[in-house]
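Dock chains B and C against the given chain A, drawing on the hints supplied.
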Amino acid sequence: MTETAERKALTREQLLSAYRIMRAIREFEERVHAEFATGEIPGFVHLYAGEEASAVGVCSNLDDRDTIASTHRGHGHCIAKGVDVGEMMAEIYGRKTGSCHGKGGSMHIADLSKGMLGANGIVGGGPPLICGTALAAKIKGTGGVGVAFFGDGASNQGTTLEAMNLASVWNLPAIFVAENNGYAETTSSTWSVASDNIADRAAGFGMPGVIIDGFDFFAVHEAASEAIARAREGGGPTLLEMKFTRYFGHFEGDQQTYRAGEVEHARAELDCLKRFAARTTETGELTQSDLDAIDAEVAAATDRAVMEAKAAPLPTEADLLTDVYVRY
Amino acid sequence: MGDAIVGVVANPLSGRDIRRLTTRASVFPTAEKANMIQRMLTAFDAVGVHRVLLGTDLGGISASVFRAIGQRRAQDGRWPDVEFLDGQPIRQTAQDTVDAVRRMVTAGARVIVCLGGDGTARVTASAVGDVPMLALSTGTNNAFPAVREATIAGLAAGLVATGAVPADRVVTRAKMLEVRAGDRVETALIDVAVSTQRHVGARAVWDPATLTQLFCAFAEPDVIGLSSILGQLSPVTRHEPRGVTARLAPEAVAQILAPIAPGLVQPVGVRDIEWMRPGSVHPVDARAGVIAVDGERELTFEPGERPAVRLRADGPRCVDVSAVLAESARLGLLRRPSTAPARYQLRESTVRRST
Amino acid sequence: MARTITYREAINEALAQEMERDESVIVMGEDNAGGEGSPGEMDAWGGVLGVTKGLYHRFPGRVLDTPISESAFIGAAIGAATAGMRPVAELMFVDFMGVCFDQIYNQAAKFRYMFGGKAVTPVVIRTMYGAGLRAAAQHSQCLYPLFTHIPGLKVVVPATPYDAKGLLTQAIRDDDPVMFFEHKALYDLAGPVPEEGYALPFGEANVVREGGDVTIVTLGRMVHTSLEAAGQLAGAGVQCEVIDLRTTSPLDEDTVLESVEGTGRLVVVDEAHPRCSMATDISALVARKAFGALRAPIETVTAPHTPVPFSNTLEDLYVPDAQRIANAVKAVAEWTR
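Protein sequences, first through last, are from chains A, B and C. Under the numbering used here, the first residue of the first sequence carries the number 1, and numbering increases by one thereafter. Under the numbering used here, the first residue of the second sequence carries the number 1, and numbering increases by one thereafter. Under the numbering used here, the first residue of the third sequence carries the number 1, and numbering increases by one thereafter.
Hints are supplied without guarantee of correctness; some may be wrong.
A partial selection of chain C residues facing chain A, derived with a Cβ cut-off under 7 Å [to be verified]:
1. GLU9
2. MET114
3. PRO297
Sample of chain C residues lacking proximity to chain A, with all beta carbon distances greater than 10 Å (derived) [stated by the list, open to error]:
4. MET1
5. GLU41
6. VAL48
7. LEU189
Ranges of calculated distance between the beta carbons of each label pair, as one might list FRET restraints [stated by the list, open to error]:
8. A:TYR258 / C:GLY117: 38 to 44 Å
9. A:ALA34 / B:GLU83: 48 to 54 Å
10. A:GLU264 / B:ILE69: 33 to 39 Å
11. A:PRO313 / C:ASP22: 38 to 44 Å
12. C:ARG21 / A:ALA203: 41 to 47 Å
13. B:ILE69 / A:ARG12: 53 to 59 Å
Note that these hints are calculated values from the structure, not bench results. Cβ coordinates follow ideal geometry from the N, Cα and C atoms, glycine included.
Chain A on its own, in the form it takes in the complex (with noise of 0.2 Å):
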């Protein structure tokens, strides 16, 4: 096989750990969603169940000489990128366990070793960020490129747009990665994106657009192992339009009377773990008992997870001042 045809066929071994990132994505952000209805979660969370092909069949292409940049609905890039599960469940928590020692919270774990720069709670904050990380990637020739994972709502934001072009004007190794699931908080993206596609403004940023379904992991996979190549090897940006649907609100709490019962169908149709069950079974790469083993694993690590987390320290008054500057 030439080298291309090597890259695009995917290892037992990455098959097998593709449907164990999403799964331990999806077990994560079903089980916040359970524990939030207790109410024993401080502040808001934003679950990205539904969405998992998109973070794992970008950051599968990716080593640690990549960075990422992520959104609220962080916790699905924070797994994708290989931040430790149970440190961030003690970060939704609040503890002192926690990635961020409980002082970010859910909408600011990161993981600066492993090239996550963080959840964000600022709608469009992370393209400029990447932006910067994509050019030292450049400068420093590690061949390393920039992800920056963004909402239809942030496609629309000024920082977005000049992201893109200062991208394209220096030609940086970056990825833009428009996860358009339909919804801006209660406004959906049809409305609220002027143009036809996110996709479409690419063009205007003198980069590729790509549409691509985002409940098919292979399809992700492929695409975004073109679009990362294409940026190591100088070729610059480009921006990749998942669409798909979040099968939970905005927020946790969120009434959703905005949707008109498309998660029901999505869950029974789309799925991405379902999808991507059926093939791999299909053609014989792994075998239902090797994916019902994971999701065992998976389960029993979440539990773990929560059961650490709730048991874990808070931070006390002698952290509250602690690390706002290196030296002050």
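Same frame as chain A, now just chains B and C:
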């Protein structure tokens, strides 16, 4: 005979797939598709088509045309009545095109025009039955559709729909390929390619390194796409009653430089070229993989399914735009005053419905 | 070895010496070289007032012109800082902060804290401030109070060429995000500056004039205006102690309090608007922590609560001058209950 009806479907999603990234495929704006439809509307009315059925989409094409209809002023000239096919859910998949075409056929459309690439033409062909179709290219993926100015295409479709130009002289049956894998069937208008990739994934095929076998209903030397691999080695025109097939292997002795995708001219190794006769069944060698029809992966197959490909002569009926307009010139259909025999004269409705 | 160079040249020298010393230092901003994509020469400007001239050719690939997209390139500088670079980005006029403030105060300033101490963001954002050049309302503001208010940022306001070079050097070497304020009317000011590289610590104010009667706390261009006033007042027998804050965050409280303990009288001179400014900040600090030492109410001399006017006569009335400062000093010096 009743009022001539023409159906028009346009694919809003054509031109936004991975080929924008992996090849130099064109970015074809929705606004231009809407413009093309408007140019056709003018042409339809000029030759006596006063009823048009238009598929609806969420990609902005039908909305754009709807807006344009509302903004027309008296001095802009006449357009036909446009009926937007509403009332069923838009799934934003190929099924939307299939459903729209079927409704147009049921409603009595005499010609169906589709705007898009090879994929759109293929899907339209699968639903059009015996109604003549006219595939108009929007973009680079155009082995099958005609690359034509829309006004000209509109005149041709209109002249056939009204019967002013008799169909028997200007409408021909295309060939097609039929693939069966187990109990699943897919059809292709141009080519069927067997890929070592395991999954449908991002659909489009642009890398010949992943292909092991190719079947072509036609392979013309001046047409871009996978069929160009055989178009240079053993050309087959659209009209010949045969197809051609071959195995692809990088190490094959016969190497051809083929324009397999926009901006991509690549060496491809070819061997075991054979003709395909209508009806004869050609097995697919590979045990498992994905089959691409007209350049897009569509059909996965597993060991034991043993897919096979057959050339059929009974593909869709297609309007030959050049032939229509040549015939129109010969008959003087567009002369004023008309010199055509009465039965060829363009029909003018005696009752002009308001737009 | 010190020699006399301008404030502009001192900043240029700090950049050049640090870029020489540390290859992770890069410079970016609108027209920081000038000419990108244009048919004529590169380094056409070296910054709108020439501050970065010469760096483009001397450090190939490390001085980047940018499109007019502050939120993108300031954000990019911040992102690059998290990825191991030491970018010095230029926000051409601080008045433009509105279009990129989020990246500065919600991203850069908060990464370290929000991420539990795991982020280091060594970015410097240089920016021009101040009135006096008839640049009018949207190109003349002193907005350092807005940045001083934000935990996680450091704010530096040098008044002299010597301070400009030393404080910029420190800013580049510092591991926290720094806002570096350059008064546009000071660029041509000349002063003694050592040739070698040196860094001045943040949070250390400079007593530029000693005196026992009244303490004047000030910063930036107003340091020079205050010294002018102090000169006049000395003739009238009032000895002023003039303290140049140098950095508003971190703030050298001790030097200020110590001085007021001695004089008992305070005038704060700040070119910024009067509400929520350094003037109010220092006044509140002294009122809280040195109340017992005060022998007169605290007086402030600031711009009025108006946008910066354009016309010569109006702008000259807007910017505090030596006479107004002297009047305020006399008022506190002569105050009795």
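Between the beta carbons of A:TYR258 and C:GLY117, is the distance compatible with 38 to 44 Å?
Since the Cβ atoms of A:TYR258 and C:GLY117 sit about 40 Å apart, the hinted range of 38 to 44 Å holds.
Holds or violated: the 41 to 47 Å window for the beta-carbon distance between C:ARG21 and A:ALA203?
Between C:ARG21 and A:ALA203, where Cβ atoms are some 43 Å apart, the hint holds.
Taking the beta carbons of A:PRO313 and C:ASP22, is their distance inside 38 to 44 Å?
holds (40 Å)
Chain A versus C:MET1 - minimum CB to CB distance exceeding 10 Å, so not interface
The claim stands: C:MET1 keeps its Cβ more than 10 Å from every Cβ of chain A (closest is about 30 Å).
Please check whether C:GLU9 passes as an interface residue: C-beta within 7 Å of a C-beta belonging to chain A.
violated (27 Å)
Using the C-beta atoms of B:ILE69 and A:ARG12, is the stated range 53 to 59 Å upheld?
holds (56 Å)
A:ALA34 paired with B:GLU83, Cβ distance criterion 48 to 54 Å
holds (50 Å)
Cβ-Cβ distance between A:GLU264 and B:ILE69: within 33 to 39 Å?
Since the Cβ atoms of A:GLU264 and B:ILE69 sit about 37 Å apart, the hinted range of 33 to 39 Å holds.
Does C:VAL48 sit more than 10 Å from chain A, CB to CB?
holds (20 Å)
Over 10 Å from every CB of chain A: does C:GLU41 meet that, or does the non-interface label fail?
holds (20 Å)
Please check whether C:MET114 passes as an interface residue: C-beta within 7 Å of a C-beta belonging to chain A.
holds (4 Å)
Should the interface hint for C:PRO297 be scored as holding, given a Cβ-Cβ cut-off of 7 Å against chain A?
Violated, because the Cβ-Cβ distance from C:PRO297 to chain A comes to roughly 31 Å (cut-off 7 Å).
In summary, the structure is inconsistent with hints 1, 3 from the numbered list given earlier, while agreeing with the others.
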